[in-house]
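Asker: This is what each chain is made of:
Number of protein chains: 2
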Amino acid sequence: MIKIAVDTLGGDNGSAPVVEGILNFLKDHPDVSITAVGKKEELSKLEGKCEIVDAPDIVPMEAGPLEVMRMKNSSMFKTVSLAKEGKVDAIVSSGSTGGFLSSSTLLLKTIPGVNRAAFIAPFPTKIKGHYVVILDIGASNENSPEELKQFALMGALYSKHILGVEEPKVYLLSNGTEPGKGSPVGKQAYKLLADNPLFKGNIEARNALNGEADVIVTDGFTGNVFLKSSEGMAKMMAGFIKNAFKKNLWTMLGYLHVRKGIKEMTETMDYKSTGGAMLLGVNGVVVKVHGNADAYSMYCAINVAKKLVASDLRNKIKEGI
Amino acid sequence: MIKIAVDTLGGDNGSAPVVEGILNFLKDHPDVSITAVGKKEELSKLEGKCEIVDAPDIVPMEAGPLEVMRMKNSSMFKTVSLAKEGKVDAIVSSGSTGGFLSSSTLLLKTIPGVNRAAFIAPFPTKIKGHYVVILDIGASNENSPEELKQFALMGALYSKHILGVEEPKVYLLSNGTEPGKGSPVGKQAYKLLADNPLFKGNIEARNALNGEADVIVTDGFTGNVFLKSSEGMAKMMAGFIKNAFKKNLWTMLGYLHVRKGIKEMTETMDYKSTGGAMLLGVNGVVVKVHGNADAYSMYCAINVAKKLVASDLRNKIKEGI
Numbered sequence: 128m129i130k131i132a133v134d135t136l137g138g139d140n141g142s143a144p145v146v147e148g149i150l151n152f153l154k155d156h157p158d159v160s161i162t163a164v165g166k167k168e169e170l171s172k173l174e175g176k177c178e179i180v181d182a183p184d185i186v187p188m189e190a191g192p193l194e195v196m197r198m199k200n201s202s203m204f205k206t207v208s209l210a211k212e213g214k215v216d217a218i219v220s221s222g223s224t225g226g227f228l229s230s231s232t233l234l235l236k237t238i239p240g241v242n243r244a245a246f247i248a249p250f251p252t253k254i255k256g257h258y259v260v261i262l263d264i265g266a267s268n269e270n271s272p273e274e275l276k277q278f279a280l281m282g283a284l285y286s287k288h289i290l291g292v293e294e295p296k297v298y299l300l301s302n303g304t305e306p307g308k309g310s311p312v313g314k315q316a317y318k319l320l321a322d323n324p325l326f327k328g329n330i331e332a333r334n335a336l337n338g339e340a341d342v343i344v345t346d347g348f349t350g351n352v353f354l355k356s357s358e359g360m361a362k363m364m365a366g367f368i369k370n371a372f373k374k375n376l377w378t379m380l381g382y383l384h385v386r387k388g389i390k391e392m393t394e395t396m397d398y399k400s401t402g403g404a405m406l407l408g409v410n411g412v413v414v415k416v417h418g419n420a421d422a423y424s425m426y427c428a429i430n431v432a433k434k435l436v437a438s439d440l441r442n443k444i445k446e447g448i
Numbered sequence: 128m129i130k131i132a133v134d135t136l137g138g139d140n141g142s143a144p145v146v147e148g149i150l151n152f153l154k155d156h157p158d159v160s161i162t163a164v165g166k167k168e169e170l171s172k173l174e175g176k177c178e179i180v181d182a183p184d185i186v187p188m189e190a191g192p193l194e195v196m197r198m199k200n201s202s203m204f205k206t207v208s209l210a211k212e213g214k215v216d217a218i219v220s221s222g223s224t225g226g227f228l229s230s231s232t233l234l235l236k237t238i239p240g241v242n243r244a245a246f247i248a249p250f251p252t253k254i255k256g257h258y259v260v261i262l263d264i265g266a267s268n269e270n271s272p273e274e275l276k277q278f279a280l281m282g283a284l285y286s287k288h289i290l291g292v293e294e295p296k297v298y299l300l301s302n303g304t305e306p307g308k309g310s311p312v313g314k315q316a317y318k319l320l321a322d323n324p325l326f327k328g329n330i331e332a333r334n335a336l337n338g339e340a341d342v343i344v345t346d347g348f349t350g351n352v353f354l355k356s357s358e359g360m361a362k363m364m365a366g367f368i369k370n371a372f373k374k375n376l377w378t379m380l381g382y383l384h385v386r387k388g389i390k391e392m393t394e395t396m397d398y399k400s401t402g403g404a405m406l407l408g409v410n411g412v413v414v415k416v417h418g419n420a421d422a423y424s425m426y427c428a429i430n431v432a433k434k435l436v437a438s439d440l441r442n443k444i445k446e447g448i
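From first to last, the protein sequence lines are chains R and A. Residue numbers for the first sequence follow the numbering used here, beginning at 128 and rising by one. Residue numbers for the second sequence follow the numbering used here, beginning at 128 and rising by one.
Fair warning: there could be bad hints in the mix.
Identical copies carry no separate label here, and so any pair may be met within one copy or between two of them.
[Said to hold, decoys possible] No more than 20 Å apart at the CA atoms, straight line, and that leaves these computed lysine to aspartate or glutamate pairs for DMTMM-like:
#, residue 1, residue 2
1, K362, E339
2, K308, E194
3, K287, E168
4, K253, E358
The set of hints was computed from the structure by calculation and includes no laboratory data.
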């Protein structure tokens, strides 16, 4: 039986959507056992359905790397500790990204041979149903060429075993497509990757989401800028669209005609349904959900955690490195 | 009288839109003298209205840094040479970005004290009519902390003298807002900038276009990723919107109601009307227009070149450094 611990605190919307997500998940997946970690009095709906660990303290969103380690009674610290003690196979949280990533890295340690863990997320692309995984999107501030080479391997294993892409096409994020392009670290990583049959060369940020790549490798700083600039532009465009429809009664009527299309677009762009982002390369399955996760996002994230455990990706990475 | 040389070849649409842009510009600006550089036979409409320099060779879009220097009969090489020889005050091209930036840097050299030239562009923001200038968006592959400090100075001078912002707010592009965040180079640049009263700290990519910043400083590799990921996401969203309207007759009718709003959005996002990007820090005024520039874009770009010469930004940078 797969065991998953879920941090029910620290998200923007409190424990209610997390509890609902867990209940819905358990209904569909009787083969999974869940441990809910958080304020006991908020978890009464879960009694008898899953294990409950009382941990009343909330790690603040802006928590620094070491803050979680000091907050022994926080839901996040206790969640990560359950994984460290081997009591669960996977952990899920919608709390502070920095806090969750750093405490997971410190407590679970990286897989032997892996220099650095990578934060990885599947991004929707122009092609419906096709996702590209990009890593590292922010676990590190800088990375060595050797680390980028390892990211390529981990990303390809994720694409293959979780997304079912038989021969994932792996690219390096660069400022041009020619082999000579890239940051100093990127150029060296290019040479290290040249022998990898899955490696297809450089890709520019403007083509990252057009569907040609299955895996895109980058250092954590650049990946974070990519993630956040895409997010910022998507939000800005969505705001413009809203305004376009708000002008008058006629434009509001116009909205009635296209709202289904707009909804489809929003769903394609919805990072919630992708089940969050994962920390790859540590001794454990670590899934981070968006801070404003709703019950559906939590459901998807727990499901990704389950898939990651079932696929035994951790051991595949260990063997691959 | 301000003298501007315009490269009429190398853009995606040939010389026709460039010629039209020049004609329109001259109608409105009798105080500017233009030298059109390109295939003489394609420039007959300009005869008697501006100087013409015959240069029939076209630098290909994917030209490497040294290719232009070898193409002595190319319109681009001759355009840059006119600036080097002091025959014109400014140059404008819609040809190969790499070719134009590298030949301009090689021939014009950087202003004494400036370590590296920076490619800078004004980006539209959520606030109508407000632009944020971001540099470097791709002149370099890497930059030192000292270079980022100089970019802050050049960007602030551009914001003040060209966009009319009295006290521009300057930020560093980072992966978090706290002072300790950033790439290794960014963190050092933060310290060098701490004394600058215009410097307001770090900004995340997701907030770059929300209107709070007037100037955003970054190394050329990261800036290029920012530029291209924003561009890619904007295109993808625009494609989704189009599809939403194409579904059936009703949604097409819906489009009639909102097309004005959509057009306004597209115009806000239109980099064409901002007059292209500039290479700052060289001994000359260098304006690069989008490869698919139309007559209006060319007009705007020549106008920016005129403003840059009139503001004497080059000497203000020299004094500031």
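Asker: Hints first: check each against the structure and report whether it holds.
Answerer: Right, here's what the structure says about each hint:
For a Cα distance limit of 20 Å, the shortest separation of K362 from E339 across copies, 16 Å, qualifies, whereas the shortest one inside one copy, 24 Å, does not. For the identical chains of this complex, K308 and E194 are inter-copy neighbours only, at 16 Å across copies versus 39 Å inside a copy, given an alpha-carbon limit of 20 Å. For the identical chains of this complex, K287 and E168 are neighbours neither inside a copy (41 Å) nor across copies (57 Å), given an alpha-carbon limit of 20 Å. In the homo-oligomer, the alpha carbons of K253 and E358 lie at most 20 Å apart both inside one protomer (15 Å) and across protomers (14 Å), since each shortest distance falls under that limit.
Violated hint for the displayed structure: number 3, the only one.
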